[in-house]
Amino acid sequence: MMLRLHVLALTALLCACSKQKEEAPPSGAQPPAAGKTEKKALPVGLVIDVGGRGDHSFNDAALRGLELWAAGKRYEGGKYVDATPDEVRQSLPPHLTSDAASFKSLAIQPIVLQSKAQEDYVPNLQLLVDQGARLTVGNGYMLANAVRTSAQENPKAQFLLIDSQVLDAQGKPMKLPNVRTVLFKEQEGSFLVGALAGLVTKTNKVGFVGGIEVPLIQRFEVGYRAGVKTTNAQASQALMSVYTGSFNNMAAGKQVAQDLISKGADVLFHAAGADGIGVIQAVKEARAAGKSVYAIGVDSDQSHVAPDAILTSMMKYSDLAVYQAAKDLVDGTFSAGEQVLGLKENGVGMAEVRVEFPGKAEALQKVEALRQRIISGTIQVPAVPADLASFQAAAP
Amino acid sequence: MLDVLHSLLFSTLDAAPALIFAALGAVLSERAGVIAVGMEGMMRVGAFCAAVAALTMPTPLAVVMGMLAGAALAGVHGFLSIRWRSDQVVSGIALNLVALAGGTFLLESLYGPNGTPPIQQLTRWNIPGLSSVPVLGALSGHSAPTYLALLLPFAFQGLLTRTPLGLRLRAVGDKPQAVATLGLSVPGLRWGAVLGSGLLAGLGGAVLSTAVLDRFEQHTPAGLGFMALAAMVFGRWTPVGAFLAATFFAFGNALRIGLVSSAPGLVELIPQGVLLALPYLLTLVVLTLQGQRSSAPAALGTPYEQESR
Numbered sequence: 079m080m081l082r083l084h085v086l087a088l089t090a091l092l093c094a095c096s097k098q099k100e101e102a103p104p105s106g107a108q109p110p111a112a113g114k115t116e117k118k119a120l121p122v123g124l125v126i127d128v129g130g131r132g133d134h135s136f137n138d139a140a141l142r143g144l145e146l147w148a149a150g151k152r153y154e155g156g157k158y159v160d161a162t163p164d165e166v167r168q169s170l171p172p173h174l175t176s177d178a179a180s181f182k183s184l185a186i187q188p189i190v191l192q193s194k195a196q197e198d199y200v201p202n203l204q205l206l207v208d209q210g211a212r213l214t215v216g217n218g219y220m221l222a223n224a225v226r227t228s229a230q231e232n233p234k235a236q237f238l239l240i241d242s243q244v245l246d247a248q249g250k251p252m253k254l255p256n257v258r259t260v261l262f263k264e265q266e267g268s269f270l271v272g273a274l275a276g277l278v279t280k281t282n283k284v285g286f287v288g289g290i291e292v293p294l295i296q297r298f299e300v301g302y303r304a305g306v307k308t309t310n311a312q313a314s315q316a317l318m319s320v321y322t323g324s325f326n327n328m329a330a331g332k333q334v335a336q337d338l339i340s341k342g343a344d345v346l347f348h349a350a351g352a353d354g355i356g357v358i359q360a361v362k363e364a365r366a367a368g369k370s371v372y373a374i375g376v377d378s379d380q381s382h383v384a385p386d387a388i389l390t391s392m393m394k395y396s397d398l399a400v401y402q403a404a405k406d407l408v409d410g411t412f413s414a415g416e417q418v419l420g421l422k423e424n425g426v427g428m429a430e431v432r433v434e435f436p437g438k439a440e441a442l443q444k445v446e447a448l449r450q451r452i453i454s455g456t457i458q459v460p461a462v463p464a465d466l467a468s469f470q471a472a473a474p
Numbered sequence: 024m025l026d027v028l029h030s031l032l033f034s035t036l037d038a039a040p041a042l043i044f045a046a047l048g049a050v051l052s053e054r055a056g057v058i059a060v061g062m063e064g065m066m067r068v069g070a071f072c073a074a075v076a077a078l079t080m081p082t083p084l085a086v087v088m089g090m091l092a093g094a095a096l097a098g099v100h101g102f103l104s105i106r107w108r109s110d111q112v113v114s115g116i117a118l119n120l121v122a123l124a125g126g127t128f129l130l131e132s133l134y135g136p137n138g139t140p141p142i143q144q145l146t147r148w149n150i151p152g153l154s155s156v157p158v159l160g161a162l163s164g165h166s167a168p169t170y171l172a173l174l175l176p177f178a179f180q181g182l183l184t185r186t187p188l189g190l191r192l193r194a195v196g197d198k199p200q201a202v203a204t205l206g207l208s209v210p211g212l213r214w215g216a217v218l219g220s221g222l223l224a225g226l227g228g229a230v231l232s233t234a235v236l237d238r239f240e241q242h243t244p245a246g247l248g249f250m251a252l253a254a255m256v257f258g259r260w261t262p263v264g265a266f267l268a269a270t271f272f273a274f275g276n277a278l279r280i281g282l283v284s285s286a287p288g289l290v291e292l293i294p295q296g297v298l299l300a301l302p303y304l305l306t307l308v309v310l311t312l313q314g315q316r317s318s319a320p321a322a323l324g325t326p327y328e329q330e331s332r
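First to last, the protein sequences are chains L and Y. Each position in the first sequence, counted from 1, maps to that position plus 78 in our numbering. Each position in the second sequence, counted from 1, maps to that position plus 23 in our numbering.
Rather than coming from a laboratory, the hints here were simulated on the basis of the structure. All values derive from a computational prediction rather than experimental measurement. C-beta: ideal position from N, C-alpha, C; glycine also. Keep in mind that the hints are not guaranteed to be accurate.
The following label-pair restraints were derived from C-beta to C-beta distances [stated by the list, open to error]:
id	chain 1	residue 1	chain 2	residue 2	range
1	L	H173	Y	G135	25 to 31 Å
2	L	K369	Y	L133	57 to 63 Å
3	L	G249	Y	L301	25 to 31 Å
4	Y	G246	L	G155	35 to 41 Å
5	L	Q470	Y	A286	32 to 38 Å
6	L	P172	Y	P83	39 to 45 Å
7	L	F435	Y	F177	46 to 52 Å
From just these sequences and the hints, can you work out the full model?
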């Protein structure tokens, strides 16, 4: 009886969860600063995955692209306020700061829906289409099926899908005339941070903390392993890789990181969403206890979470992909298709290294040389575990 | 090898307290006959309030604030389910939803979605002499809640089985009419148990934001409140049983992590997903072996009405 009650409670809770969603207030309904623009603001929708707003990482990057860059707004206390040009400039990655002037806010109105459960994705996308969103962004591979469903049901609406191709019911890639998909070569950015990790480690032990073991996260791991292998063969042998099994449980991330640190790892790269906050916390505590340990952030520059403890971050500029799509929409040049962005296209990269360590200049030089070789194509970074064993970076 | 055991023990002791406190809270409430589905929400409220309070006051005091906040939410549960005899499952779920959405709303309006500003963590106690002992050294270097979590279950078990108050608490969950015929207040005892469970759940949540992390992270407690219910059932509604079950969950997780990092060859044989499910598979096995015998309090979930018999 008791068990049944609990099961009932859980089911009811899950159902109830899917009903509630966060809806951004339509404060952007008025065109920003009347007079500056005559055109009516185009509604652009964004559905973020269950990781939620404020993950310091993947979702925040998409939000930055849409809200801050494209709409020129900042989300504060549950509503939008206009962002200053300074704020926009500071949020730009280094390779774009010279271009800051071109990041003028577009005449769009962001509508963001958070998903509390997987069942939310389709209703959320449909809600945005019904609200007249001219472009609807699905952020994350978890939304792949939902975007396919919505795009097929609403052939006139346009969609942008980040991190996945459109997949048919059998999971095979397919094309839809109203969906643009953007994939990233995470392995290339991860390769760079792996190369740096191999140069920085003193114990010759480095670690990787993944979220859920899916092909996307495996690309991070494989690229990282290849990078470590290139600069430090010994560390590559001893590389420890553990998956937490979630993207929203920082306690699990911390537990994994503590374990790796206690086994001698002194550089930890995480690709685990909010679990990564726990990884960074464990590194922070180990540093406070006198160990020289670094964490490497993911997707966004996570240096601000723990400035001393973050060696660098593997950057994935999905913010730029979202911004570009919004800009194409406003310019009337939006087209469906598949984009794959790597180092060469500035789709991924490595964040500025703000911490000091011995031999920093030399290490950064080596990493930069590797970057050039990936861009020129002399290094082909593997993307799946099967290709890792045969990978050998040719001597420069 | 000793290193591996050391890190296994340390990791378990560091991760288990939040779950232990919440499981004890669930046992307290349910032994008195009130279903404790709202643990998740109470933990969340406790975690949030402790993190916010720690911005302005010493962290230990902030933990107390988190406990009080958990008790306040439990008060609502008590009011609905004891005073108004409403459905206890529905009340608990409603509180979970309120805490989930309310926590996110308050966090975003007060501090932005990135979590509260960092706070001072609870101090970790290094026990002199112990830290250098192999394996047992893992007992040193935890914050106060860890040690409390090791002692409290046994004190609670003693209270429940060896004191008049404990007898009354158990009776009120099994045969409330019998308690009433002795002239004791059934609502009074149940109120005490529910508020106590709120304090414990609030403590569990506060541990997450003051000892595990140094801020309130928006997903907290990420399902731990439901794990606590599982630990309670697994532990047959006894404090020590729930403690062992909670420790077992934490240990199972630590073991999985330790296995993967120490024996990478294993992952090639068994996918990590299977290892992730291992603690729960073991739980299922144990529950099956226990057989049909139910240990749930007889009057659990039944609102007390004086006229009923």
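Tested hints:
| no. | hint | in the structure |
| --- | --- | --- |
| 1 | H173/L x G135/Y: 25 to 31 Å | holds (27 Å) |
| 2 | K369/L x L133/Y: 57 to 63 Å | violated (34 Å) |
| 3 | G249/L x L301/Y: 25 to 31 Å | holds (27 Å) |
| 4 | G246/Y x G155/L: 35 to 41 Å | violated (28 Å) |
| 5 | Q470/L x A286/Y: 32 to 38 Å | violated (26 Å) |
| 6 | P172/L x P83/Y: 39 to 45 Å | holds (43 Å) |
| 7 | F435/L x F177/Y: 46 to 52 Å | holds (48 Å) |
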